[in-house]
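Residue numbers (my numbering), protein chains in the order written: chain D, 1 to 121; chain U, 122 to 231.
Keep in mind the hints are simulated off the structure, nothing from the lab.
Positions of the beta carbon are idealized from the N, C-alpha and C atoms, including for glycine.
Do not rely on the hints blindly, as some may be mistaken.
[Unchecked claim] No more than 35 Å apart at the CA atoms, straight line, and that leaves these computed lysine-lysine pairs for DSBU-like:
{"no.": "1", "chain 1": "D", "residue 1": "Lys76", "chain 2": "U", "residue 2": "Lys175"}
{"no.": "2", "chain 1": "U", "residue 1": "Lys138", "chain 2": "U", "residue 2": "Lys227"}
{"no.": "3", "chain 1": "D", "residue 1": "Lys43", "chain 2": "U", "residue 2": "Lys167"}
{"no.": "4", "chain 1": "U", "residue 1": "Lys175", "chain 2": "D", "residue 2": "Lys65"}
[Unchecked claim] If you only want the chain D side, here are some residues facing chain U, beta carbon under 8 Å, derived:
{"no.": "5", "residue": "Gly44"}
{"no.": "6", "residue": "Tyr95"}
{"no.": "7", "residue": "Asp103"}
{"no.": "8", "residue": "Tyr107"}
{"no.": "9", "residue": "Asp109"}
[Claimed, not checked] Partial chain D-side listing against chain U, Cβ under 7 Å, derived:
{"no.": "10", "residue": "Thr28"}
{"no.": "11", "residue": "Tyr32"}
{"no.": "12", "residue": "Leu45"}
{"no.": "13", "residue": "Gly101"}
{"no.": "14", "residue": "Asp105"}
{"no.": "15", "residue": "Asn106"}
Residue-level listing of the chains:
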Amino acid sequence: EVQLVESGGGLVQPGGSLRLSCAASGFTFRTYEMNWVRQAPGKGLDWVAYITRSGDNIYYAASVKGRFTISRDNTKNLLYLQMNSLRAEDTALYYCTRGSGNDEDNYFDPWGQGTLVTVSS
Amino acid sequence: QSVLTQPPSVSAAPGQKVTISCSGSSSNIGNNYVSWYQQFPGTAPKLLIYDNNKRPSGIPDRFSGSRSATSATLGITGLQTGDEADYYCGTWDNSLSTWVFGGGTKLTVL
């Protein structure tokens with residue numbers, strides 16, 4: 001069974017840092033691109049970052065560029081999101097989600113259960 | 122303000138058909154595949170439609186997708202109360218070099 005399990009969320013003060021992890025299982029992790037998508041309480045989906053299979057190509061949402069870093073360890077089947085200079089507006093449930101696995105299209109399937117990040121003093 | 126525009130809510134009676142629109146531009150929907158996601162309260166989103174009109178395994182054929190020019194549409198026939206959820210469209214935007222989602226549409230089955 002394909003599974004994505006996020007961890008690392010919690011309460012952090014504005015300006016602080018947090019590193020999220022996503023453990024992948026049930027598929028060949030190194031053959032799929034990966035994404036982070038977040039959802040603020042009561043709001044819609046907000047894409048955060050994308051990383052290619054080898055990690056050689058990365059894209060970020062404008063709102064997190066320069067503050068967040070997506071990375072992966074294909075030997076450990078792990079995806080990461082290093083979040084620095086956190087702001088109150090970064091408060092959200094952060095989902096790890098798998099890409100399509102090919103270069104012709106892109107979509108998100110499946111999704112993890114999410115890990116909650118709360119930025120507050 | 123989302124790059125892709127969806128109606129905030131739609132409603133229809135059980136057994137009826139409903140469509141949810143997703144309007145974009147040539148930099149996103151006009152030149153890239155659209156996917157649709159279903160999200161029930163308190164749960165993670167689930168892929169419903171990919172590549173404009175393809176259904177993943179396990180998604181009933183009551184759900185359909187289409188794309189025309191810079192707009193996409195999700196159709197749901199034979200509405201059931203269990204279809205009440207939030208629905209999101211999404212695609213890549215070539216100008217922004219980011220993925221973009223619609224603001225989401227809440228479906229109510231009256």
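Hints, one by one, checked against the model:
1. Distance hint between lysine 76 of chain D and lysine 175 of chain U is fulfilled; the C-alpha atoms sit about 32 Å from each other, no more than 35 Å.
2. A distance of roughly 15 Å separates the Cα atoms of lysine 138 of chain U and lysine 227 of chain U; the hinted pair therefore holds under the 35 Å criterion.
3. Between lysine 43 of chain D and lysine 167 of chain U the CA atoms are separated by roughly 16 Å; this keeps the pair inside 35 Å, and the hint holds.
4. For the given pair, lysine 175 of chain U sits about 32 Å from lysine 65 of chain D by alpha-carbon distance, which is consistent with the 35 Å threshold.
5. Among the interface hints, the one on glycine 44 of chain D holds; its C-beta lies about 4 Å from the nearest C-beta in chain U, closer than the 8 Å criterion.
6. The beta carbon of tyrosine 95 of chain D is positioned within 8 Å of a beta carbon in chain U (closest approach about 6 Å), and the interface hint is therefore held.
7. For the restraint placing aspartate 103 of chain D at the interface with chain U, the shortest Cβ-Cβ distance is roughly 12 Å, beyond the 8 Å limit, so the hint is violated.
8. Hint status for tyrosine 107 of chain D relative to chain U: holds, with the closest Cβ pair at about 4 Å, below 8 Å.
9. Satisfaction of the interface hint for aspartate 109 of chain D is found here, the shortest Cβ-Cβ separation to chain U being roughly 4 Å, below the 8 Å cut-off.
10. At about 18 Å, the closest approach between the beta carbon of threonine 28 of chain D and any beta carbon in chain U exceeds 7 Å, and the interface hint on this residue is violated.
11. Taking 7 Å as the C-beta contact cut-off toward chain U, the hint placing tyrosine 32 of chain D at the interface is violated, the least distance being around 14 Å.
12. Nearest Cβ of chain U to the Cβ of leucine 45 of chain D: about 5 Å, under the 7 Å cut. The hint holds.
13. Given the 7 Å rule on beta carbons, the hint for glycine 101 of chain D is violated: about 12 Å separates it from the nearest Cβ of chain U.
14. Checking aspartate 105 of chain D against chain U: minimum C-beta separation of about 5 Å stays under 7 Å; hint holds.
15. The closest approach between the C-beta of asparagine 106 of chain D and any C-beta of chain U is roughly 6 Å, which is under the 7 Å cut-off, so the hint is satisfied.
Hint compliance for this structure: hints 7, 10, 11, 13 are not met, and every other hint is.
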